[in-house]
Structures are given as structure tokens and as C-alpha cells.
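S.K.: Next come the chains, spelled out residue by residue.
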Amino acid sequence: MIINYIKIALRSLLKNKGYSFLNIFGLAIGITCASLIFLWVEDEVSFNTNFPNQDQVFYVPTNQNYEGEWRTFYSTPGPLAQDMLDDIPGIEKATRSNLQEILFAFGDNSITRRGRYVDEDFLDIFSLKFIEGNRENAFANPEAIVLTQETSEQLFGKGENAIGKVVKVSNKDNYLVTGVVEDLPKNVTFPFDWIAPFERYAEGEEWMTFYGNNFSDTFVKLASEANFETVDAQVRALIRKKEENTTDYAFLHSIKDWHLRSKFEGGEIVGGRITYVRLFTIIAFIILLIACINFMNLSTARSEKRANEVGVRKAMGSSRGRLITQFISESLILAFIAALVSALFLAVLLPQFNLIIEKDLTLGLGNPIHVLVLLTITIICGVFAGLYPAFYLSSFKPVQVLKGLKVTEGSASFIRKGLVVGQFTVSIVFIIFTILVYQQIQHAKNRDLGYDKDQLLSMRIDEDFIPKFDVIQQELIRTGSVQNATLCNSQLLSGGNNGSGFTWKGGTNTEDVLISFRNVTESFFETTGMEIIEGRGFNKNYEIDSTSVLISQSLAKMMGEENPIGNIINRGDGPLEVVGVVKDYVYGDMFDSSDPVLFMNYPPYARYMFIKTKDGVPVDRALSDIEAVLKTHNPAYPFEYTFVDEAFDAKFKNEQLVGELSQIFAILAILISCLGLFGLAAYTAEQRSKEIGVRKVLGASVSGIVKLLSKDFLKLVGISILISVPIAWYATYSWLQDYAYRIEINWIVFLVAGVLAVIIALATVSFQAIKAAIANPIKSLRTE
Amino acid sequence: MNTKLLSLNEATRTVNSGSNKVTLLDDINLQVNEGEFISLMGPSGSGKSTLLNCIGMLDSFTGGGYTFLGEPVHSMKEKNRSKLYKEYIGFVFQAYHLIDELTVWENIETPLLYKSIKSSERKALVADMLDRFNIVGKKDLFPQQLSGGQQQLVGIARALIGKPKLILADEPTGNLNSKQSTEIMELFSQLNKDGVTIIQATHSEQNAAYGSRIINLLDGKIVEE
Chain A
0 MIINYIKIAL
10 RSLLKNKGYS
20 FLNIFGLAIG
30 ITCASLIFLW
40 VEDEVSFNTN
50 FPNQDQVFYV
60 PTNQNYEGEW
70 RTFYSTPGPL
80 AQDMLDDIPG
90 IEKATRSNLQ
100 EILFAFGDNS
110 ITRRGRYVDE
120 DFLDIFSLKF
130 IEGNRENAFA
140 NPEAIVLTQE
150 TSEQLFGKGE
160 NAIGKVVKVS
170 NKDNYLVTGV
180 VEDLPKNVTF
190 PFDWIAPFER
200 YAEGEEWMTF
210 YGNNFSDTFV
220 KLASEANFET
230 VDAQVRALIR
240 KKEENTTDYA
250 FLHSIKDWHL
260 RSKFEGGEIV
270 GGRITYVRLF
280 TIIAFIILLI
290 ACINFMNLST
300 ARSEKRANEV
310 GVRKAMGSSR
320 GRLITQFISE
330 SLILAFIAAL
340 VSALFLAVLL
350 PQFNLIIEKD
360 LTLGLGNPIH
370 VLVLLTITII
380 CGVFAGLYPA
390 FYLSSFKPVQ
400 VLKGLKVTEG
410 SASFIRKGLV
420 VGQFTVSIVF
430 IIFTILVYQQ
440 IQHAKNRDLG
450 YDKDQLLSMR
460 IDEDFIPKFD
470 VIQQELIRTG
480 SVQNATLCNS
490 QLLSGGNNGS
500 GFTWKGGTNT
510 EDVLISFRNV
520 TESFFETTGM
530 EIIEGRGFNK
540 NYEIDSTSVL
550 ISQSLAKMMG
560 EENPIGNIIN
570 RGDGPLEVVG
580 VVKDYVYGDM
590 FDSSDPVLFM
600 NYPPYARYMF
610 IKTKDGVPVD
620 RALSDIEAVL
630 KTHNPAYPFE
640 YTFVDEAFDA
650 KFKNEQLVGE
660 LSQIFAILAI
670 LISCLGLFGL
680 AAYTAEQRSK
690 EIGVRKVLGA
700 SVSGIVKLLS
710 KDFLKLVGIS
720 ILISVPIAWY
730 ATYSWLQDYA
740 YRIEINWIVF
750 LVAGVLAVII
760 ALATVSFQAI
770 KAAIANPIKS
780 LRTE
Chain B
0 MNTKLLSLNE
10 ATRTVNSGSN
20 KVTLLDDINL
30 QVNEGEFISL
40 MGPSGSGKST
50 LLNCIGMLDS
60 FTGGGYTFLG
70 EPVHSMKEKN
80 RSKLYKEYIG
90 FVFQAYHLID
100 ELTVWENIET
110 PLLYKSIKSS
120 ERKALVADML
130 DRFNIVGKKD
140 LFPQQLSGGQ
150 QQLVGIARAL
160 IGKPKLILAD
170 EPTGNLNSKQ
180 STEIMELFSQ
190 LNKDGVTIIQ
200 ATHSEQNAAY
210 GSRIINLLDG
220 KIVEE
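Chains A and B, in that order, are what the protein sequence lines are. First residue of the first sequence? That's 0 in numbering that gives the first Met the number 0, and the numbers climb one at a time after it. First residue of the second sequence? That's 0 in numbering that gives the first Met the number 0, and the numbers climb one at a time after it.
Bear in mind the hints are in silico, worked out from the structure with no lab data behind them. Because the structure is a prediction, the values reported are computed rather than measured. Note that the Cβ used here is the ideal one computed from N, Cα and C, for glycine as well. Careful, some of the hints might be misleading.
Stated by the list, open to error - With a straight-line Cα cutoff of 25 Å, these simulated DSS-like cross-link-like pairs (lysine-lysine) come out:
| # | chain 1 | residue 1 | chain 2 | residue 2 |
| --- | --- | --- | --- | --- |
| 1 | A | K402 | B | K3 |
| 2 | B | K76 | A | K396 |
| 3 | B | K117 | A | K402 |
To be verified - From the derived model, a few chain B residues whose C-beta atoms are all more than 12 Å from chain A:
| # | residue |
| --- | --- |
| 4 | K3 |
| 5 | G69 |
| 6 | N106 |
| 7 | L111 |
As the list claims (entries may be wrong) - Listed next, with one range per pair, are the computed distances between beta-carbon atoms:
| # | chain 1 | residue 1 | chain 2 | residue 2 | range |
| --- | --- | --- | --- | --- | --- |
| 8 | B | S6 | A | G17 | 20 to 30 Å |
| 9 | A | F20 | B | L68 | 44 to 54 Å |
| 10 | B | K114 | A | F20 | 53 to 63 Å |
| 11 | A | K710 | B | S6 | 41 to 51 Å |
| 12 | A | R319 | B | S146 | 48 to 58 Å |
| 13 | A | F20 | B | K82 | 37 to 47 Å |
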């Protein structure tokens with residue numbers, strides 16, 4: 000029996016090539032799209048899950064109250080880790096950790112790598128696996144450093160023994176390699192290329208041992224018998240026990256949540272990437288649904304053709320159940336062919352998809368779970384898409400269909416119209432969402448940043464560079480390629496250092512205002528293009544100007560109406576005099592307003608150099624000029640740089656990803672919907688061929704007939720527009736709430752999306768309509 | 000051996016068309032014995048096809064009694080009814096109604112599939128039938144590749160494959176030319192001689208004459224026998 004079904008299904012496929020193509024192609028696109036999303040989701044949810052102790056490992060963030068609002072930071076006081084170990088029995092391991100980018104040199108080979116200064120417990124918390132050396136001796140030597148296999152190979156060469164080798168760090172300190180650990184998998188949220196004892200980093204920095212300074216990450220591992228609630232409560236109480244007059248508190252944040260649930264509001268987890276994971280999963284199912292709808296529509300539209308067969312089979316003694324089985328097997332066969340086609344699509348598209356999402360996903364058809372998922376999707380699609388047509392087709396009464404009576408379409412035609420409306424609604428929502436996401440990205444990109452990010456290079460520097468800066472700056476300008484150069488303690492776009500506890504004349508309760516510090520050179524404002532709107536800039540000789548500060552506009556506003564120039568700011572370490580006001584600039588979150596900033600004329604804390612190249616100088620020339628200058632004065636360092644505008648673009652990665660994926664889904668949803676519409680239009684035209692023939696004989700024009708045939712479909716698209724507008728508005732409105740700096744939703748967007756949908760639908764339908772309209776009426780009327 | 004095959008007792012069939020009740024078959028009384036060859040005649044709309052469909056259990060009477068091989072069809076459940084006609088009745092249609100996607104062989108085989116007969120037995124039965132109708136050479140062709148007469152031959156072969164007691168033929172030669180018609184009628188004649196009961200609906204006096212008994216219908220009533 001099954002063989003009979005398969006045979007008839009395949010023959011019917013071959014016989015109706017166009018129809019089969021529409022069906023298989025549509026379903027294949029749907030399956031491909033859903034598979035890509037599921038691969039992405041699989042990767043997203045796999046983060047940090049490859050550790051033996053994943054249930055017991057926690058980040059320890061702190062909640063801090065500023066201006067009445069709880070804000071969550073990963074930075075914690077230095078002594079917190081040790082105090083947790085001492086005071087809380089449920090904490091088995093704890094480590095401080097500070098992420099640093101440092102320069103390694105071994106012989107002529109020098110590279111810059113990110114890594115962490117950590118306590119010994121780090122090795123156990125993350126169960127690092129040693130390839131060379133061992134856990135016991137790794138941190139025994141205060142000058143120790145442990146490298147990942149990749150870093151070791153880059154530094155010493157492949158197959159070289161690393162243990163006992165001495166590398167020069169930051170061009171001054173010697174570190175002894177005591178171990179090499181396995182590279183971490185890609186899907187972890189705490190990557191590092193090296194680890195070294197925290198003591199070395201904290202050497203001579205007494206402030207790191209006090210509460211009140213938050214600067215270090217803290218990771219802990221709970222004892223296996225420990226109760227999370229009890230330990231968490233103890234952790235929450237700890238800082239207030241140790242430090243007087245603070246409302247700060249730390250809490251436990253599970254390693255499993257770091258990647259997906261790390262957005263905090265008011266001190267509580269409110270989501271994070273999980274939102275996108277959920278959103279895209281829903282989208283995957285919606286796209287599958289659209290593809291299945293196509294299938295149902297095309298199948299029921301063809302019912303006239305199948306009706307006869309149903310009648311004959313019933314007359315031959317087939318029960319309804321057998322017919323249902325037959326139709327569902329047919330749709331399963333189609334679904335399997337579609338799955339094979341989509342496997343091909345996937346193989347071709349995955350590399351492109353990887354480029355967009357910046358991941359390294361593989362199809363992994365050797366992975367039984369992948370095969371199982373694909374199989375499940377296929378079977379669900381096949382059964383789901385086949386179910387309605389099967390019940391519908393098998394309900395025909397043989398007497399009626401065999402007599403050649405018209406099949407009463409009633410419910411089927413209504414459902415079919417509903418399904419088309421459903422498809423187009425989804426498509427239009429995607430179109431609107433895509434346009435608005437792009438508008439929002441452009442909106443933020445075009446906002447006045449308060450500085451000029453173009454032609455601006457950023458380079459990491461070390462302490463030994465700072466005394467040479469004046470000479471280097473002069474020589475850079477002398478090359479003719481460089482406008483100016485400056486030093487700063489943080490990247491332009493990132494949050495950098497901040498603190499609270501400031502007081503100033505005329506301000507009350509100002510201690511809880513969180514202010515960012517920037518230690519810069521006199522040339523900072525000119526180089527970055529920031530505007531001093533009041534007062535003066537810094538003196539070139541920072542030693543005689545070290546108590547002068549410039550403040551950002553928003554801080555000036557907090558100081559009140561009167562002229563802020565000359566106001567004195569206090570924070571423990573001596574009074575600072577405000578000498579100028581700088582226009583607010585955007586850093587950290589590009590979609591939000593940034594915290595107030597305090598600029599200090601103190602280059603020794605600098606970690607970055609910014610170079611502004613001259614207008615009209617080709618990038619290549621500027622770069623080679625800069626490299627030449629740096630090679631002379633700073634030969635130990637490799638010439639490594641980033642462009643600030645590129646870093647700026649990278650800040651929009653998440654939004655860009657959402658935008659691009661939304662665009663892809665919009666295109667696919669429309670494509671699949673149009674395949675369906677195309678098929679439906681074809682069958683409608685065929686069904687009405689007699690009517691068209693009669694109308695033509697009676698004198699109807701071609702355009703009149705095209706209008707007649709297109710009208711019904713356009714009505715459906717019109718209804719879709721009406722339904723999709725509120726949905727799209729709500730979706731984008733909710734999405735935009737995440738951004739403080741956001742666009743207003745403009746009704747034009749809805750209009751554009753609607754018109755687009757109408758045009759696309761019209762183009763799809765009119766092809767069939769015109770074909771039907773120009774056909775010779777004699778042909779269609781001759782049949783009877 | 001005049002065994003009674005079926006009997007209709009004041010059987011009626013009415014349908015609702017809008018608010019009107021339309022009577023398609025009115026008080027039909029009919030006894031059919033095994034081995035008969037009955038021709039139903041009458042103008043279009045007189046109820047020939049409806050009567051055939053109702054006898055064939057594709058449709059059902061709305062009133063009166065219908066007994067088939069001693070079983071009361073009118074009070075049977077759909078499932079049992081379908082079992083009954085699957086077993087004892089074969090259909091031949093004016094438009095042949097072969098399944099386009101199946102070959103001659105497969106079309107003939109289809110009723111056997113629904114009777115869940117084993118593959119080897121099916122093969123033997125279909126081969127016999129092809130032999131008997133002299134269409135062995137055409138077994139792998141599709142219906143569109145055959146002439147009308149040949150298609151009807153396949154249709155009859157398909158009706159016969161289940162070894163029915165009764166063949167119901169609705170205008171079996173309606174789409175055929177006169178030479179093909181004669182061949183088909185000769186075939187029916189032969190089948191009847193072999194013991195198969197046949198009821199055919201026809202417009203043609205000539206074809207009706209092949210029957211052993213002619214029943215005339217008009218407006219749903221038997222007017223003459």
C-alpha cells in the first residue's frame with residue numbers, strides 16, 4: 000500500500016512540475032531558514048556549558064545605588080573574594096580577576112594578548128586542563144604566567160616546549176612560563192590568552208586592598224553541598240558588613256546566565272540576549288508555518304483535480320482513513336524532498352550566514368541531534384501541512400465528484416483566504432520591523448557624538464611610552480600626515496574608570512553621582528574634536544596644571560545655573576578646580592545618554608594614544624608615516640591600531656544583526672508567500688478560465704479581466720496590511736523601549752511597507768492574470 | 000437458480016434544494032435476481048444515475064427499504080455498508096474514471112489493495128484479468144495513452160477484479176463510438192452469461208436490448224417494465 004502511495008505521489012509530482020516546484024521550494028526555504036536559526040540558537044544556549052562545575056560557578060556582580068537608581072556592575076572591591084572564602088562556608092573557591100591586554104616579547108617575536116590576572120582558585124573554578132606543567136606548580140612562582148596553547152604556539156612556535164621560558168611583558172617585566180593550558184572553546188564568556196597571579200598586578204597598589212574601590216571581577220565556586228539561597232543571602236550581606244556607610248551589595252550570577260541573561264535593571268536580571276534567542280526561535284516557527292500554509296493552500300486549491308481520484312478510490316472501496324493516510328504520506332514525501340533540498344541550501348548558505356552572525360557554525364549532519372531535529376522538523380511540516388488538505392480532500396462524496404459536479408468550496412476557500420492573509424501579515428510585519436530597525440541604527444549612528452570619530456586611530460600603549468609622548472607627538476605632526484595626537488586612560492567609546500563620592504560648592508547630596516574620569520593630555524580636545532564650550536583647556540605642562548579639571552556639560556548642569564568655572568570639586572584627595580566645560584559626548588551605550596565626565600590633566604595614567612590624521616591624506620600613507628615614527632621611538636612594540644569609526648560601527652553589532660536577520664526573514668517570508676500566491680493565482684485563473692472565456696466573448700477587455708482576477712488577491716493583501724500595522728507597531732515599539740536614544744515611529748514606514756506588499760503581490764498575481772486574460776476564449780469554451 | 004440479489008421496497012430519495020424538497024426517486028419497488036442483466040432507461044434527469052448510485056451504496060435512499068443479499072442496507076452503518084459493496088459490487092463509469100497517475104496494471108490492482116489482498120495473489124489476479132481482456136501488452140501504459148474503448152475495457156477489468164456479484168454501469172458507452180460500444184456491450188453480454196449480474200443505465204435502445212429486462216424511469220418513478 001505504502002509503495003502504491005509513494006508511486007502515485009512521485010508520479011503526481013512529476014506530472015505537476017510547476018506545482019511541485021512551488022511546494023518543495025517553498026518548504027525547503029522554510030526548513031533552511033528555520034535550521035539556520037536553530038543552529039544559531041543551539042550555539043547561543045551552549046555558552047559556558049562545557050564545564051564540569053557549571054552548576055556551582057558564579058560571577059559576583061555588585062549593585063550600587065546612584066541618584067536613587069540601582070545599577071549593576073561586574074567590578075567588585077579587591078578584598079571581596081578572600082572575605083567570601085573566609086566568612087561564608089558555602090563558598091569553596093573564589094578568585095579576583097582583572098582583564099588586561101599586554102605586550103609579550105620573546106626574542107624578536109612580540110604580540111599583544113588579552114588575559115587575566117587571577118588568584119590560584121581560578122584554575123579550579125574553570126577546571127583548566129594543563130597540557131604542559133601542572134595545576135600544583137602553576138602559580139607557585141610569583142613571576143609565573145600560564146599561557147593557552149594557541150598563545151604559546153604563537154610565541155614560541157609549534158611543538159616548542161614552553162615551560163621555563165622567560166617572556167618580557169610590557170617591555171619591562173620578566174614572566175616565567177609555568178604552564179600551558181588547553182585553548183578554551185569558542186562559546187565561553189570569559190576568554191583569555193594567558194593568566195598570571197593577581198599579586199603581581201596588585202603590587203604596590205594598596206588601594207586595591209580596600210573596600211570602596213570597585214575594579215576587579217570576582218568569580219566563585221560553591222561547595223557541592225551548599226544551598227544557593229543561603230549562600231546568596233550571605234553574599235548579599237557581606238559588603239555592608241565590611242564597609243561602613245555603603246548600600247552596595249554583591250550577589251551571585253550563575254555561569255549559565257552570563258551569556259544570555261546579563262541585562263540588569265534596578266539591580267535585577269531583566270533579560271539579555273535570551274530575548275533575541277526567544278524572538279528568533281518564534282520567527283523560525285513562523286517561517287515554517289508560512290511554508291506549511293503554502294503547502295495547504297496549493298493542495299486545497301488543486302482539490303478539483305484530486306477530487307476525481309478521491310471519488311474513484313472511494314467507489315473502489317477505500318475508506319476515508321486510507322485516503323487521509325495516502326494524502327499525508329504524499330505531503331511527507333514532499334517534505335522529505337524539501338528537507339534534502341534544504342540540506343543543500345544549508346551547505347551553500349551557512350558560510351554566508353556565519354559571516355553575518357560572526358560565528359563559526361557547522362551543519363554537523365554527523366551529529367545525531369542535528370539529524371534528529373531536521374527529521375523532526377520535516378515530519379512535523381509534512382504532517383502539519385498535509386493534515387488539512389487530507390481531511391478536506393478525503394471528505395468529498397464520490398457521487399458528487401464523479402458526476403463532475405463542482406466541489407463545494409465553502410470552508411476551504413475561506414480558510415485559504417485566511418491563510419494568505421496570515422502569510423502577508425507576517426511578511427508586512429517583517430518589512431516594517433526591518434525598516435524601523437535600520438532607521439534606529441542610522442538614527443544612533445548619525446547622532447551628534449560630541450567628537451569626530453573619523454580619521455581617528457587608537458593604539459594601546461604602556462607606561463614606558465608616556466615620557467616619550469611629547470617627542471613622538473611633534474614628530475607625528477611633522478610628517479604632514481597627522482593633525483594631532485593625544486593620550487587618554489580609556490578608549491573613547493567605552494565606559495572606562497568611574498567613581499562617586501564627589502562634592503562641590505553649591506551641591507547637596509552629590510556623593511552618589513557616578514562620574515567617569517578621563518586622564519588626558521592637553522591635546523585631547525583638539526585631537527578628538529571635542530568642543531570646549533566654556534573656560535579654557537589644559538596647560539601643556541601637566542605638572543603645574545594637575546589640580547585643574549574640565550567637566551562635561553551634564554556635570555556643569557548639575558552644579559547649577561551659575562558659572563561653573565572656578566567651582567571646586569572635592570573627593571578625598573585634594574580640591575580640583577573647574578577651568579572649563581566640554582560639550583557632552585557619547586560613550587558606553589551608544590543608544591543612551593552617558594554619565595557625566597571629569598577630565599584631568601594627568602597623562603601618566605594613560606593607556607591609549609589617539610592619532611588624528613590630516614584631511615586628504617591617504618590612509619596608507621598616514622599609516623606608514625605613523626609606523627615609521629613609532630618604530631624609531633618605540634621599537635619594542637608591534638604597530639597595532641584600530642580605527643575609532645570601525646570600533647564605533649562594531650558597537651552596533653547586536654542591532655546590526657537583528658536588522659540583517661530581520662531583513663533576511665522579511666525577504667524569505669515574502670518569497671515563500673509569493674510562491675504560494677503565484678500558485679493560487681494560477682489555479683484561480685485555471686478555475687475561472689470558462690468565466691474568462693465567456694466574458695471575453697461578451698466583449699471584456701484584457702485589462703478588465705486582469706483587474707477582475709487581481710482584485711480579490713489585493714483585497715486580501717489590504718486586510719493583511721490592516722492586521723499587520725498594529726502588530727508591527729507594537730513589536731517595534733517594545734523593541735525601541737530598550738533604547739533611551741530612539742526614533743519616533745513614523746507612519747510613512749507603514750505606508751511604504753503596505754505599498755511594497757501591494758506591488759509585490761500585484762507583480763505575482765498579474766503574471767497569471769495577464770496570461771489568463773490574453774488566452775484565446777475559444778480554447779476554454781470548447782471543452783464541453 | 001433464481002436467488003434474490005437485491006430488493007427495493009418503496010425506496011425513495013429526496014434532496015433539499017434551497018427550501019424546496021425535490022424527489023429524485025419515488026417509491027421504487029424492484030427485485031433483482033442473480034444473473035439478471037437489467038437496462039435502466041429514461042430521459043436525462045429521470046433518476047437512472049441516482050438509482051444506480053443508491054443501489055451501489057455510494058449514495059443512500061432517504062426512505063423505504065433496501066435489502067442486499069438478505070441484509071438490510073437501509074439500517075446499516077456506513078462501515079458495514081462499505082464492506083458490503085467492496086465485496087460484492089463493481090462500478091463502471093461513463094467517463095471511465097481511471098486514476099491518471101497509475102498504469103493499467105495498477106488501476107486494475109487498486110480495489111484489491113483496499114481489500115488487503117496479499118501481493119502475490121494480487122499479481123496473479125491482475126495477470127489473469129489482463130489475459131482475459133487481451134490487454135497484457137498495455138499493462139504498463141497510462142490511461143491517457145489508451146483509446147476510449149481501451150480505457151473502458153480497463154475500467155471493466157477493474158470493476159471485475161474483486162469478483163463482484165453485481166456490476167453497476169452508468170452509461171458505459173456514452174463516450175464511445177459505435178464500434179467500441181458494440182464491443183463493450185458484447186463483453187457485458189459475455190460477463191452476464193458467466194454469471195455476473197449487471198445493471199446498466201443507458202440512453203440507447205440498441206444497448207438496452209442487450210439486457211434481459213428493461214426498466215423505464217421517468218421523474219424518479221418506474222413507469223414501465
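S.K.: Against the earlier hints, flag every one the structure doesn't satisfy and list their numbers going up.
M.R.: The structure conflicts with hints 1, 3, 6, 7, 8, 10, 11, 12, although it agrees with all the remaining ones.
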